[in-house]
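Let chain A serve as the given structure and place chains B, C, D, E and F on it in line with the hints.
Protein chains: 6
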Amino acid sequence: MMLTPAMKRLVALALEEDLGRGDVTAAAVLDGDGGPARAVLLAKQPLVLFGLDVAAYVCAEVSAEIRVVRRIADGTLVAAGTVVGEVLGPAVPVLMAERTMLNFLQRLSGVATQARRFADAVAGTRARVVDTRKTTPGWRGLEKAAVVAGGCANHRADLGSGLLIKDNHIAACGGVRSAVERARLRAPHPLRIEVEVKSLAELDEALAAGAEIVLLDNMPLDVLAQAIPRAHAGGARVEVSGGVTLDTVGAIARLGPDLISAGAITHSAPAADISLDFT
Amino acid sequence: MMLTPAMKRLVALALEEDLGRGDVTAAAVLDGDGGPARAVLLAKQPLVLFGLDVAAYVCAEVSAEIRVVRRIADGTLVAAGTVVGEVLGPAVPVLMAERTMLNFLQRLSGVATQARRFADAVAGTRARVVDTRKTTPGWRGLEKAAVVAGGCANHRADLGSGLLIKDNHIAACGGVRSAVERARLRAPHPLRIEVEVKSLAELDEALAAGAEIVLLDNMPLDVLAQAIPRAHAGGARVEVSGGVTLDTVGAIARLGPDLISAGAITHSAPAADISLDFT
Amino acid sequence: MMLTPAMKRLVALALEEDLGRGDVTAAAVLDGDGGPARAVLLAKQPLVLFGLDVAAYVCAEVSAEIRVVRRIADGTLVAAGTVVGEVLGPAVPVLMAERTMLNFLQRLSGVATQARRFADAVAGTRARVVDTRKTTPGWRGLEKAAVVAGGCANHRADLGSGLLIKDNHIAACGGVRSAVERARLRAPHPLRIEVEVKSLAELDEALAAGAEIVLLDNMPLDVLAQAIPRAHAGGARVEVSGGVTLDTVGAIARLGPDLISAGAITHSAPAADISLDFT
Amino acid sequence: MMLTPAMKRLVALALEEDLGRGDVTAAAVLDGDGGPARAVLLAKQPLVLFGLDVAAYVCAEVSAEIRVVRRIADGTLVAAGTVVGEVLGPAVPVLMAERTMLNFLQRLSGVATQARRFADAVAGTRARVVDTRKTTPGWRGLEKAAVVAGGCANHRADLGSGLLIKDNHIAACGGVRSAVERARLRAPHPLRIEVEVKSLAELDEALAAGAEIVLLDNMPLDVLAQAIPRAHAGGARVEVSGGVTLDTVGAIARLGPDLISAGAITHSAPAADISLDFT
Amino acid sequence: MMLTPAMKRLVALALEEDLGRGDVTAAAVLDGDGGPARAVLLAKQPLVLFGLDVAAYVCAEVSAEIRVVRRIADGTLVAAGTVVGEVLGPAVPVLMAERTMLNFLQRLSGVATQARRFADAVAGTRARVVDTRKTTPGWRGLEKAAVVAGGCANHRADLGSGLLIKDNHIAACGGVRSAVERARLRAPHPLRIEVEVKSLAELDEALAAGAEIVLLDNMPLDVLAQAIPRAHAGGARVEVSGGVTLDTVGAIARLGPDLISAGAITHSAPAADISLDFT
Amino acid sequence: MMLTPAMKRLVALALEEDLGRGDVTAAAVLDGDGGPARAVLLAKQPLVLFGLDVAAYVCAEVSAEIRVVRRIADGTLVAAGTVVGEVLGPAVPVLMAERTMLNFLQRLSGVATQARRFADAVAGTRARVVDTRKTTPGWRGLEKAAVVAGGCANHRADLGSGLLIKDNHIAACGGVRSAVERARLRAPHPLRIEVEVKSLAELDEALAAGAEIVLLDNMPLDVLAQAIPRAHAGGARVEVSGGVTLDTVGAIARLGPDLISAGAITHSAPAADISLDFT
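Order-wise, the sequence lines are chains A, B, C, D, E and F.
So for the first sequence, my numbering puts the first residue at 1; every next one is plus one.
So for the second sequence, my numbering puts the first residue at 1; every next one is plus one.
So for the third sequence, my numbering puts the first residue at 1; every next one is plus one.
So for the fourth sequence, my numbering puts the first residue at 1; every next one is plus one.
So for the fifth sequence, my numbering puts the first residue at 1; every next one is plus one.
So for the sixth sequence, my numbering puts the first residue at 1; every next one is plus one.
Isolated chain A, as found in the complex (with noise of 0.2 Å):
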């Protein structure tokens, strides 16, 4: 994976919030640069593995002497006990990358794992996840590419990158049918249209305005169940959204939608558990 120069930044912050007035504990108990080291990244429990290269590159800001072997690819689902990747150099600069290394490898390796759940929860049927833009801040571009390496897919990348009329556009356009022809007028082209809609009502002025995709928010199943069928022979794909869980994926799955988007999966993915552990 390329590092943007976001990533970068985010890295910079990262190194000196933990690292930026040296490690004290270090200095104090080892001399020099404490010597040759070899440590084992390991996962301790099952999890999908993402951010080896973001780790890469926290420890080469670190030191040019630490050397990071990755064991395992990207987006590879592996059992506790697993060792991933190996750190290899000096002790001190080890330690001094160490919790950050980890933190960018738990949080991103959480992701694709949570990605991984929604994925396997709507296997067999057509939908696929998607991702929000409910990511953390500073984080877009590493947690989207998380989602992928699980095995969703991705949503727009910011407001620029895709064009979605929701509730509040709506309210401020006169109603859907107005905000729909406004921007299928003004919108740039290689973008698709497409709209919000809470009811059946408001699916049909979308369909008749010329919505390709609509988002059926916060709707009950059965009214999904009338919805998405009535959607596509609109012609229309078919997203589906609104407090989406792992509990409720698959059921939505399975009523034919094309899409269903979970803030889930990157706003409250756990932390998968990686150690590093010097051998």
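Identical copies look the same in the list; a pair holds intra-copy or inter-copy alike.
As a list, the in silico DSSO-like pairs of lysine-lysine whose alpha-carbon atoms are at most 27 Å apart:
1) Lys198 - Lys166
2) Lys166 - Lys44
3) Lys8 - Lys134
4) Lys166 - Lys134
5) Lys198 - Lys134
6) Lys198 - Lys44
By construction, these hints were calculated from the structure, which means they are not laboratory data.
Frame of chain A; chains B, C, D, E and F shown alone:
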């Protein structure tokens, strides 16, 4: 809360990643700045509020015309349905700021709420629950402030503001005694000497060497029950760590340690549900 | 216009490069802040104005004591001799800001003016002229806003906000059909599938594979005259590109494409002549 | 050419604005890094080459696996069809770097080519053509280097590296004499005293006051014909400025000035046509 | 004084390094913002004041609620015990800003005071004392401004704003004559040609080659006594340098040079003693 | 020494301020990169060396072709005339890096040398001399490292890594007792409680309240002679501060304190004289 330069850099990253290419939807369906709007920040679950200062700074960076009015003080536990603040300004910049503002507020209130659960779980004991360095990279200062707002306390801020000898240091130094003695000679004087021990034998060695704080790591409850009074008898403060959860923290606290550290306060806190509703 | 963090960073670069070492002339010949001054921003040629918000931000960064007063709205075509704004403040900081302010204003108004020429050249046809990614590095957001102010439209903002399969992708995929099919399966759903074709044969292949937009690249007018209706018949939108100039754009537009993209709007727009005259 | 920190910050801005959200097309239609590729940088018009060092830095920032091979030295005039360099590396990062690399190269070669035209137009005279501060904001250092590569020379780099008293300074000081005298007393000693004059009367006043360089601004050719020898007789160097174009520069040069400054070298240079062709 | 972007970046570095992790003492012993406070900035030794604008900017960055009131103008020599300014605001942010504010003020006033000593030592002669590029890295602009406030003058700001041929250039060029001749042909015209000479023979060579300024480096007083009038007779200005101290500068000045440059003004100026006293 | 992101940002500032506009002299008198050069870093006075890693980083940022070879280890006291390192590379970039490299090296070696003087002055006593937060803004980490290299020790790194209750806190809290008690309850546990006292009465109050370290501020020697044993008897460590100089530090040390803090180590250390001589 004063926003440090590092926090401002994180906000800049967040704004760039979401609206650095503008908002194609607002540009397509609204005219000009969209006209005056008013929206409320609504807690959709019980939560401990934290982060309105960051949310206000986000808005100010998007447009000098947005004003955020605080209704609830940081650190307050509010019921679902509480309006915690108001956002006033032209519709387009408010819509552009919405997601970034909420992403900060939801994560920080999530951490504060998680901290409150931990603090409540040890109420009535002498123990205080503290955070760790397992924070989201780039978010150290913000998450540590949220922990305090939620009623827990902060462990060291970084590798430079606390001396904590861990297992890897001990291995490299040839034993607990040697590591503690070096630290007593060489560490900055404002810092107490804290050392991690994994057994009663290591505990005794640490006490004999003059450790001021012992970190009892990953000990079962029955071992803790012996170790804690023994450490106190040796004149040391006692911190307990290792996979501490809301389920286990109460039982640990009742054994009498001074401090219990829990990475889960920060690394796995689910986002709190807060929305921005236009009125 | 909201200035994004990236735009502010560009202004910071610009200020550093011109006045980071101060202004030796003003320091030598004037005393203190030079006393109050008033200057007008004067269009010295017919032009479409764009960039006063940036100019005002430049001034504010140089000194909080400078005030920029707008006289003309962005996107307005003004005659030579029009006063488009006023600058009020102490003489020394105004002199220090002058060149940087003008450099932004001249380039952005130059782009807006060039865009207006293209827009005028296709007036009365169904085609809209769009920009490309051939913008001045560091200026993407500013120049794209100037294009809109001048009456043209924006193509994708960056590599992440539009899917456009070009000749090199096709070569690497083994053909138009294969590339389009992969994109339909794997691309983010908010994006339409656009593919560049260089011949009628490729056009047919693209339409058969389900392309939603076809980019007819570097085709002579007589080939375009066949390709455009054929693409429309196949249900696709049509973009034309390839060395489009003010001399050729009208003839192309009369053939009926939906879009014509022209790098020359941004990469070769001459600066508009605007001066700052003290009064 | 050494890339200064400011130049590197400009490149970072450029990369963020084009590929900060990744390349959705390459991700959709290619697998992994796309496999090894080789492409040539091809001059599609006669041009003076400048900017390969920046292009190589762009590539290196995108991926350490891309290698740029120079075929032609900076400042060389090449014929249409000349291969000026090669780009070797995995297809995906090369495609991601392509547009940014070309945008730098085309603009900088455009400036160098424009500079060459000006230099050629004054060949055989004693005049040298110099640039101005009318450069693209953020690009000062790069464009000034391109000017030299094209065969012209640099005027002052910024407000701190040359003393040039202009009409506004003169107005504020109460006259040419007073301004020049103040400058002689108070300016940094490494700088010559240059003053802009608009009439023969001002010229005489400047010479009497001890100006070392006179800038004859916006004078018609017949006035220049008197002013230049008079200035030389007074011991001053002579710079001519004011709307200088390729059409007028030769006639001015034949009147014998030392320097002719032309904003058009940088502010209105058309981009040179260079493509990246995969082989 | 306008703070340049570079100066603001230095202040950001300074704030991060001192209070990026907050102020644990204030947080522990005070409540909230600590309530309103008033403190005075007190000169504890005779000094030339410089830096209140930077101090005020530091405070503004820490909290918008702090106000700094100037009592004494920059460049004023004040007696010990003088109150030079007041700081008003909540106690906690004032305490957080205190050290950084004082560190800037003490260093900058230290430089201004040192400059005043040098200026006084040459009073009554025609020499002016100038600084060098031996400034604290990161502080160039600030220290050069302090030098002027103290009554000395600035040499070139950087490698781009003055042409000074030193011994190493001469060695590489094959002699003084060749170096000066190249410079006369190739240097930017706003810059005078200055050349360093170490002997009377080199001086003669420099004068013959047309040097406009000669830098007499590390010559004993008796050699200077011959060199200075000889240089003046040759039409050059004269700068003297090389280990100039307060003890030697007067005697040098009485020999009649135009300029004496002294690195000691900036690189070894002791901090001026200024305190912040709460009232 | 690992260079932190903050240190790298300081170097970037330093390079921009000196060579952001290039080197006009080298460009004028030399051709191309000037050809291969070799220079030695020469100590021109006895000094304790520190900073070669920063010097090497400076060179690497200027050009990848420069190589810095270390001859002497950091912290070594060398005689005048010692070659401490070599610089190899093309003449032009070496000349461009020279001044910035030396400015870092001279200041950091100046601090290390000053620290050595302080350390020597207390040799044979139990006291260790520590630095303060009176460091050059932007240089905190570098100067603290130089202090250690010179043989002194570090006090707290910043406001977050040490708890030190000063007179202003005491005033705001209503007395020493109250302040210490609050700190014991509310401070982060890794930090000892240190309190500044100005009289024997305050000392007694601090000891009674449980202070772990007392800072005896600005006490005359005869009062210190009473206070130090009294504090030790009360179980506290003792730090002495207040206008400590090389003249007074020895006498203070012989009274038996644990620590003596001296701002003069950093804020007024004269630069060490080091030159770069081409060979």
